[in-house]
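2 protein chains.
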Amino acid sequence: MSSADPASLGRALCIITGASRGFGRAVARELSRLVTPGSGLVLAARSGEDLRAVREELAASEAGRAGLRVESVVADVGRTEGLEAIIRAAKDALIEQVDHVMLVNNAASLGDVSRFAVSFNDLAEVDSYLSLNVSSAWCLTARVLQAFPQRPGLRRTVVNISSLCAIKPFPSWALYCTGKAARDMMFQVLALEEPDVRVLSYSPGPLDTAMQVEARSRSADPGIRKLFGDQFAEGKLMSCEASCAKLMKLLLEDSYTSGAHVDVYDL
Amino acid sequence: MSSADPASLGRALCIITGASRGFGRAVARELSRLVTPGSGLVLAARSGEDLRAVREELAASEAGRAGLRVESVVADVGRTEGLEAIIRAAKDALIEQVDHVMLVNNAASLGDVSRFAVSFNDLAEVDSYLSLNVSSAWCLTARVLQAFPQRPGLRRTVVNISSLCAIKPFPSWALYCTGKAARDMMFQVLALEEPDVRVLSYSPGPLDTAMQVEARSRSADPGIRKLFGDQFAEGKLMSCEASCAKLMKLLLEDSYTSGAHVDVYDL
Numbered sequence: 001m002s003s004a005d006p007a008s009l010g011r012a013l014c015i016i017t018g019a020s021r022g023f024g025r026a027v028a029r030e031l032s033r034l035v036t037p038g039s040g041l042v043l044a045a046r047s048g049e050d051l052r053a054v055r056e057e058l059a060a061s062e063a064g065r066a067g068l069r070v071e072s073v074v075a076d077v078g079r080t081e082g083l084e085a086i087i088r089a090a091k092d093a094l095i096e097q098v099d100h101v102m103l104v105n106n107a108a109s110l111g112d113v114s115r116f117a118v119s120f121n122d123l124a125e126v127d128s129y130l131s132l133n134v135s136s137a138w139c140l141t142a143r144v145l146q147a148f149p150q151r152p153g154l155r156r157t158v159v160n161i162s163s164l165c166a167i168k169p170f171p172s173w174a175l176y177c178t179g180k181a182a183r184d185m186m187f188q189v190l191a192l193e194e195p196d197v198r199v200l201s202y203s204p205g206p207l208d209t210a211m212q213v214e215a216r217s218r219s220a221d222p223g224i225r226k227l228f229g230d231q232f233a234e235g236k237l238m239s240c241e242a243s244c245a246k247l248m249k250l251l252l253e254d255s256y257t258s259g260a261h262v263d264v265y266d267l
Numbered sequence: 001m002s003s004a005d006p007a008s009l010g011r012a013l014c015i016i017t018g019a020s021r022g023f024g025r026a027v028a029r030e031l032s033r034l035v036t037p038g039s040g041l042v043l044a045a046r047s048g049e050d051l052r053a054v055r056e057e058l059a060a061s062e063a064g065r066a067g068l069r070v071e072s073v074v075a076d077v078g079r080t081e082g083l084e085a086i087i088r089a090a091k092d093a094l095i096e097q098v099d100h101v102m103l104v105n106n107a108a109s110l111g112d113v114s115r116f117a118v119s120f121n122d123l124a125e126v127d128s129y130l131s132l133n134v135s136s137a138w139c140l141t142a143r144v145l146q147a148f149p150q151r152p153g154l155r156r157t158v159v160n161i162s163s164l165c166a167i168k169p170f171p172s173w174a175l176y177c178t179g180k181a182a183r184d185m186m187f188q189v190l191a192l193e194e195p196d197v198r199v200l201s202y203s204p205g206p207l208d209t210a211m212q213v214e215a216r217s218r219s220a221d222p223g224i225r226k227l228f229g230d231q232f233a234e235g236k237l238m239s240c241e242a243s244c245a246k247l248m249k250l251l252l253e254d255s256y257t258s259g260a261h262v263d264v265y266d267l
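Chains as they are written, first to last, in full-length UniProt numbering: chain F, 1 to 267; chain R, 1 to 267.
Please keep in mind that the hints were generated in silico from the structure rather than gathered at the bench. The structure presented is a predicted model; accordingly, all values stated were derived computationally and were not measured. Be aware that a few hints might be false.
Note that the list lumps identical chains together, so a pair holds whenever it fits in one copy or between two copies.
Claimed, not checked - Below 30 Å or equal to it, Euclidean Cα-Cα: the simulated DSSO-like pairs (lysine-lysine) are: (1) Lys246 <-> Lys91; (2) Lys168 <-> Lys91; (3) Lys168 <-> Lys249.
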C-alpha cells in the first residue's frame, strides 16, 4: 500500500509512547510536520513535566497553529489504567475522520545492565521488565487496532522501536536483548496475521540519549562499556533527529515488508 | 570442552522441568541411562500423579537399582516457591560430589492459540504467559548456577528446549513464538557472559505430544491447523524418543557452539 502523497502521512491519528524525551520526542516532532491538517497527535509518557513541554512546543508550532490537535497523557504503559488512558486520549484527539492511524511503540527501559544474567534469580524482577517492555507494547497495539478497526480508506501502521539487541546478544544486556527479541517476534506474527496492517520494527542505531549514558557508564561488561564509551568519544552516536529522519523516509515511502526488522544502517 | 567418556555424561546431577510427560519424560529416561553411578536426577512438574509414575519407573530401572538417586518435586516453575523447591530437591539428590550439573529447561505452555495477537489486550494474560515461559526458565537457570558454582572438575550444562517458533513466526501462535524467541535470546546472552557454562537451545521438531493435539485442533489459523493436521495424518510427527536421542548425541559429543540454536532437522 502506498500513500497517495509521498510527502505526507495523510490526515493521521498518531500515538507515540515514551514521547517526552529522546527518540520518542524526535518522532513526535517529525510526525507533527508530516501529517495534514485535521490530524491528531497523542503523546504518552510516564513523566508529566517533560511531556507537557513537548505538547506545548508542538501546539505552538506551525502545525499546531494550523489545527493539529495535540493531546498528552501521563500514563504507564505497563498498567491497564495507562493503556486505557491512552485509548481515551486517542479518541479525544480525533477531530474528524482520519485516513491513517499510526502507533509508535517507543517506550522502553534498558533494565539493570550492571549485573549479568546469572544474577537474575527473582521472578518478580524479570516479570516486571517483560511486562513493561513486551506485554505493554503488545496490549497497547491490540487496543489501538481494536479501537480503530479496519474500514475502507483507512491505513493502519504499527511501529515497533526495536534495536540491534533484538537480533544480537550483548553481555550484561540480557533483559534488554530478551525484551527486544520478544517484541520483534510478536510484531512478526502480527504482520502475518493482519495483512491489512503495516508493521515495522525499526532499529534506530546507537543514539545520543540518556539510555546511552547508562549503557556506557553502568554496563557490567567492560567490553560493552568500552564499545559505547568509544562510540560516544569518537562522535559515532547518532542524533535522534538523524535516525528519526530515516524512519520518516521509510514510513513515507511505505515500501518495507510488513513485519520486517529494518536497521538505520541498512538505509 | 569434551567429556572424557563420550558414552556417558559422567557422574551428573540432572534437573529436568516438565518431566512428567512428553519430551521431558523422554529426556529423564534417556539421561537416567547416560549418567554413571552416584548420579542424581531431579524431576519437576506441576502434575503430581504422572510425575510419581516416572519417578517410580526410573527408580525401579536398571540405573535406579544401580544407585541412581531419583527425586521428584511437584513445583510450578512460574512461582518462587516452585523454584526454591527444585533447588532443595537438587541438593537432596546430591549423594556425592558430581562432575557434571545439567539443567534441562523443558517446561512450557503453548498459550491460547485459538485467538490472534490483536485479541491480546489484557496485560495480565500476556504477563502470566511470559512469566511461566520466560522468567521461569531464566530464574531457575540463575538459581541452579548459583547453587552449584564453578569449581575445578565441574562441567555445567544448561539446555533450553526451544522450537522453530523461536526463529520463525507462525500465525495464531504469538504467545508461543514470542516466548521462545525471548528464551533463545536470553540463553545466547548467558552463553556470552558465562564461557565456562555450556548452553544449548535445542529445537526438538514437531513431536507427537499433547501440545501437538492442541496445535492441530485449536489453532485459530486454518493454514496452521492443516499444516499440523497433515503432519500428523502423514505420520510426519517425530516421537519424543527419536528427537530425544538426537539431543543426547549432541550432549555426549559436546561440540556444539555454546548459545547456539540447534534444530533436530539440522542433525
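Status of the hints after comparison with the structure:
| no. | hint | in the structure |
| --- | --- | --- |
| 1 | Lys246 <-> Lys91 | within (29 Å within a copy, 55 Å between copies) |
| 2 | Lys168 <-> Lys91 | neither (38 Å within a copy, 35 Å between copies) |
| 3 | Lys168 <-> Lys249 | both (25 Å within a copy, 28 Å between copies) |
Hint 2 from the list above is the single one not met by this structure.
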